[in-house]
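Trainee: Chain residues, written in single-letter form:
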Amino acid sequence: MAAPKPGGDKVTRNIVIGMVVFVVGVGVAFSMVSSKSSSTGVIPAAVSKSEGYGIVFNGDLKDKPVVDLWEDFQCPVCGQFEALNGAYMQQLITEKRAKVVFHILSFIGPESILAANAGACAADENQFLKFHSYLYATQSKTENSGLWSTQGLITAGAATSLTSDTFNRCVTGTKYAAWVNNVAADGAAKNINSTPTVFVNGKEIDRNTQYFDAAAFKKAVEG
Amino acid sequence: MKRFAPWLGLAVRLFLGGVLGYAGYLKAFNPSKAKMAVRAYEALPVPMANLLGILLPWCEIGLGIVLILGVAVRYASFISAALMLLFVIAIAQAALRGLSIDCGCFGGGGQVAPGKTKYLLEIARDTGLIALSLYLFRYPTTRFALEKEGF
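Heads up: the protein sequence lines correspond to chains A and H, in order. Straight run, no breaks: the first sequence in my numbering ends on number 223. Straight run, no breaks: the second sequence in my numbering ends on number 151.
Treat the hints with care, since some could be wrong.
As the list claims (entries may be wrong) - Pairwise CB distance ranges, derived in the manner of DEER restraints:
1. G41/A / L8/H: 49 to 57 Å
2. S50/A / Y25/H: 45 to 53 Å
3. A11/H / N208/A: 39 to 47 Å
Stated by the list, open to error - Derived pair list, reagent style DSS-like, types lysine-lysine, alpha-carbon separation capped at 25 Å:
4. K118/H / K141/A
5. K141/A / K116/H
6. K218/A / K64/A
7. K64/A / K203/A
8. K203/A / K96/A
9. K203/A / K218/A
10. K10/A / K49/A
11. K130/A / K141/A
12. K148/H / K10/A
Unchecked claim - Covered stretches of chain A, as calculated for chain H (at least 3 residues, CB under 8 Å):
13. 12-21
14. 25-32
15. 101-107
16. 153-160
In short, the hints are calculated from the structure, not lab data. Nothing here was measured: the structure is a model prediction, and the numbers come from that model. Beta carbons are placed, not taken as given, at the ideal position from N, Cα and C, and that holds for glycine.
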C-alpha cells in the first residue's frame with residue numbers, strides 16, 4: 001500500500017470536523033431560536049402573559065381556587081382527564097367557583113401545534129371550552145395521524161358552530177404560532193414534564209391519587 | 001482475523017454512527033419534547049436541563065456523521081463511549097430514585113405511568129453501545145473510512 005501523503009489525512013480531518021461543527025452549531029442555533037419565547041407575537045385576547053400565556057377563565061375572581069391545567073390536545077391521558085373532569089371544570093368556570101387557566105402545550109408534534117393554535121382561535125370566538133371538549137372527544141388514537149390538519153381542525157370547528165371566516169383564517173394561517181411557542185417555553189421554564197399536569201393554587205396536586213378520581217379531584221380543588 | 005477486522009470495524013462504525021445520528025435526528029426537530037425529556041431526569045437545574053435538551057440531539061448527529069464518514073474515529077468513539085456512560089448513569093439514578101420516566105433516547109421522554117418504565121432494557125442497550133464504542137476505540141482503523149488510519 002502506498003504511504004499516505006504526509007499531512008494529507010489531517011487536512012481531511014480538519015475539513016470534515018470543521019463542517020460537522022458548523023452543522024451542529026447551526027442546528028443548535030436553529031433549535032434555540034425556534035423554541036424561544038417571542039415578546040412580539042400576537043396572543044389571543046383571553047390569554048394573560050402573567051399567567052404564563054395560558055387561556056384564562058374568571059381572571060377577575062378573588063378568594064377562589066386557581067386551577068392551572070397543562071395539557072396537549074394529542075395526549076391520550078389528557079383525553080381521559082377531560083372525559084372524567086371536563087364537565088366539572090366547565091361548571092367551575094360557568095358558576096364562577098374557580099379561576100381556571102388552560103396551558104396548551106404542543107410537544108407531541110406538528111398536529112399538537114395546529115390544534116393548540118386552533119384552540120386559541122376558538123377562544124377568540126368565546127368557544128374555547130366547547131372546542132376543547134370536542135377535540136378530546138374526537139382525538140385520534142395515533143399521534144399526528146392527519147386528523148388535525150388545518151382542514152381537519154376547520155371541520156372540527158364547524159362541528160362546534162365555529163364557522164366564521166375569521167376562525168378559518170386563524171386556523172389556516174396558524175395565526176397564533178408564536179403564542180403556541182411561548183406557552184411551550186413557559187412550560188419548559190416551569191418544569192412541566194408530563195401532561196396533564198394540574199396545579200391548584202400554584203401547587204401540583206398528586207398525580208397518583210387526585211387526577212383520576214373525580215371525587216378526589218373536586219376535593220383537591222374546592223377542599 | 002487481520003483481514004477481517006477492518007470490515008468488522010466498518011460495520012461497527014456505521015451501526016454506531018447510524019444509531020447516534022438517528023437518535024439525534026428524532027429529537028432535534030422537537031426541542032420542547034427534548035427539553036422535557038432531560039428535565040424529567042430531575043438531575044439538573046431546569047435552565048441547564050433545557051439547554052442540554054437542545055445541545056444533545058445535535059451533538060449526537062455530529063458524532064454520528066463523524067463516525068459514518070470515518071474521521072478521527074478513535075476520538076469519536078471515545079466521546080461516544082463517554083456519552084453512553086453518562087446516559088447509563090442518568091438512567092440508573094432515575095431508576096434508583098424511583099422516578100417513572102422514559103429515557104427519551106429516541107425521541108419521547110418525560111414522565112410515564114409507574115410500571116411503564118423500561119430502565120433495564122435502556123441500560124442494556126446503552127451498555128451494548130458502550131461495548132461497540134470501546135471496540136472502535138481499540139481498533140479504530142476500518143474499511144472505507146475517509147481517513148486511512150483511525151488514530
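Trainee: So which hints don't hold here, by number, going up?
Mentor: 2, 10, 16
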